[in-house]
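Heads up: the protein sequence lines correspond to chains A and B, in order. The opening residue of the first sequence carries number 1 in my numbering; numbering runs sequentially from there. The opening residue of the second sequence carries number 1 in my numbering; numbering runs sequentially from there.
Source of the hints: derived by calculation from the structure; they are not laboratory data. Certain hints may be false.
[Claimed, not checked] Quick list of in silico lysine-lysine cross-link-like pairs, DSSO-like style, CA-CA up to 27 Å:
hint	chain 1	residue 1	chain 2	residue 2
1	B	Lys175	A	Lys350
2	B	Lys26	B	Lys438
3	B	Lys34	B	Lys300
4	B	Lys192	A	Lys350
5	B	Lys192	A	Lys143
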Amino acid sequence: MQNLDSAAFATLGAAAADPVAYAQSWKARNGRPVIGSFPMNFPSELTHATGALPVIIQESRTTITEGRSLLPEFYCSYTRSLADQAAIGELDVFDAFVLADHCVQLLGAVDVIRWAKPEIPTHFAQFISSMDDPWSQGQVIDKIGSLRAEVEEIVGTVVTAEALSRSIRLFNENRRLLREFYDLRKSGRVRITASQMQTLVKSSMVMDIQEHSALLRDILGALEPEARENGQTAPDSLVRIHLSGHFCAPPRPELLDVIEECGALVVNDDLYHGFRYISTDVPEDVDPFDALALWYLDRNISAPCGTRVQRNVDWDSYLISSLEDSGSDGVITLMAKFCEPLMLYYPELKKALDGRDIPVLLIETEHEGVAEESVRTRVETFVERIRRNKTAVPSLT
Amino acid sequence: MSLEAPSREPLELLTTHDRTLDAPDKSNRLSSTKTGGKMVADYWENIFTAKERGKHVVWYNGTALNPIFQAAGLEWCHGEAFSARLAAMHLEGPAQAAGEEYGYIGELCSYARTHLGCAVMTQKGITEKQNGIVGMVDQEELASKLPSPDFFVNAYAGCSTGQQWDAMTYRVFGKEFPIFNVSLPMIWGNKKDAGYLRGSEWEKTPLYVEEQLKKLIEFIEYQTKKTFDWDALSENMYYIKRASELRLEAMALCAAAPTPATYWDWVASIAPINFMPANQALVDYFQGVKDEIQYRLDNKISAVQNEKYRVYFDGIMNWNKLGWLTRKFAEYDVAVVAGRYTHDSFWQEPQLIDLDRPLLGMAQHYLICPINHGLKIMEELLIKRCDEYGIDGIAFHSTRTCRAMTNPQHILARTAETERGIKSFFFEGDVADAAFYKDESLESGLVAMLESIDQQRARALV
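Same shape as in the complex, but just chain A (with noise of 0.2 Å):
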């Protein structure tokens, strides 16, 4: 197998680890504003269009020490982080903030935000997280309306229909070129680690859209053909892992160098950082306002998520699905501690799962991280009773 190694993934590799300089020089380099967006659903596209930068706000590296006092120790840390970043600065790179999605945690930070940089205009438009409502795509198109509304008058220009329908087009090209990593990862026709999928994702939520997508076709075009073609997969050995869960903010990359260090090889995900992200495209045939509500309440029935509701979606059932396609052994699902939603919906993932007698592990993370030795013995031995399970020998009777 090929692996992923040049200069184009070291740049994208620069802006996810510091997104924050990455703005700075862009900013610099452009002269034009940078408006910060939230996760998981607000559509790029409409600030892309404003000619501003749009990045979505990641969870910072840095030790929460100022935001331990402004929100509570029971907040996830993607929000704790947030309000941190804010009180200590880390945030004065962004005009402006806007976000469209309603959890109860999130919104806690954006207020500290709020509070703490007042000066920084800060937009909600709440999208209907009810998805399969009679009224579901008109609550949004009114939204989208709305969030147009406020990003004009941050940036000082029109959004027109043909500068949407452009940033769509651009932001549809980088979402097909990262899932065709995807197709050759799962494939195993070329070594994509977890970690390295996680910069290639996350690189493209903080990064100038068109320059990301030039250096995913740099490193593409640096693969040998016939390994993009015909490949060698994997050793049996390893074991195919699906990685789920990890709304809003990303798995530390050493927790899943660990992970594969254990023997699973990571052939899909559903995490926010991954797949979910990049599963849908923007509908190119209609009215760009309108596709963008198309968009969103297609997401949840591409890659459902428990932080929408739709009755006739379910998470469960993606994901079985999901690993019949990959050929996965087993399930990690990695949770960020104190994510309600993901509390909510893992005991029917979990009930899923066991029907089909497929392995699922749980691992909780922090902000902090998580105890390197605890996790490598828990994976080991999660990886070993999939590798027991596979090689078992048959009864007698």
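For this one, chain A is given, so just place chain B on it according to the hints.
Relative to the frame of chain A, chain B by itself:
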């Protein structure tokens, strides 16, 4: 050198549930609220027999949709109310154990966890009945007594977990019963004109909710195969409006110092105003409460002996500790006179209720749930209440599994200090999980705050 071990008093290892405060009880609770206790007990006993009486049962969470359910002839089970009841009676254990066994983690909202545990137990009962097995689930266990739902309605303001919780209850029952979601947007306060009950966001949002309530009524008509009784809804809202007016008038009497009733009395009156049937009995209940408070005022009877400090309670109620906290605060001469959970919830703006257009006033009330505002409005409400009730200090209940109610507390504490010089303290606990309550954290924080208030007062005299 002596080798004799130092003598120590044995540690007090009993939980607060099993302990009695040594100090004499200085609280003086209203006696009229006992009527409410009986009303609530009778209500639940009635619910438990709903199926035997051939009634349609709706399970719901969040806002007070009960006037609609009552007008439709339904029996209604409010999830949080049942979780709170179990916790207040110290009977939450079996439901929480059932939830834990099903896979819910202990950091999940304990209201949701308890109620989902009830759902698991009720569902198990259905399955066993279908399989001809009787008695596997102990029907004497209060947590397992809820009748199975015919459908669900969710209308949760402020807390995103609320909607997801019912989506999971729907799945625990194998999606066998339909669910209707009313989506209640946050009153976030983006615009410059935003404020409590004012601004363009406030003008527009209730209309959107009102339209959904109309659709809800169509859904109920379809489920029950009965035409909705709009006159009954107006009549229900008449009683709610009158009960609410009496409640607010009675609360206003507590601006007097010493106060004739406390926050704990208003906590005891939450169930009646939140989900009891709207009828003359409800009005009579609040008339009785108001009369008793007026009597106390006229006869100079205070709710706390030797009231020295007037405290505001921010946070959701710790249902496991209602009696304990009542005595604890009184022991330190503290009258807890008002709180966000009691005073900024539950039909608290009755003038909004128009009996000719009841759904709009209901929609407006659902949106002014105290966890459905952005920080700016919460600050406005906090300062207003502090001024109304002459507040000296604030007790922030840092409610472990309720992210919605704890959301802005740290900033509210700073606002109270900055705007009015009001001191505060935080203590740890939870709505329905006794494991998170830390008595020492309450006691040390409270004592420290009272000392600060004493110093403030001494400085003011200089």
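Proposed proximity, B:Lys438 with B:Lys26 (alpha carbon, max 27 Å): Holds - the C-alpha atoms of B:Lys438 and B:Lys26 are around 22 Å apart, at most 27 Å.
B:Lys192 paired with A:Lys143 [C-alpha distance capped at 27 Å]: holds (18 Å)
Hinted pair B:Lys192 and A:Lys350, Cα distance within 27 Å: violated (47 Å)
Restraint status (C-alpha distance of B:Lys34 to B:Lys300 at most 27 Å): holds (22 Å)
27 Å Cα cutoff - pair B:Lys175, A:Lys350: holds (17 Å)
Checked against the numbered hints listed earlier, the structure breaks hint 4 alone; every other hint is satisfied.
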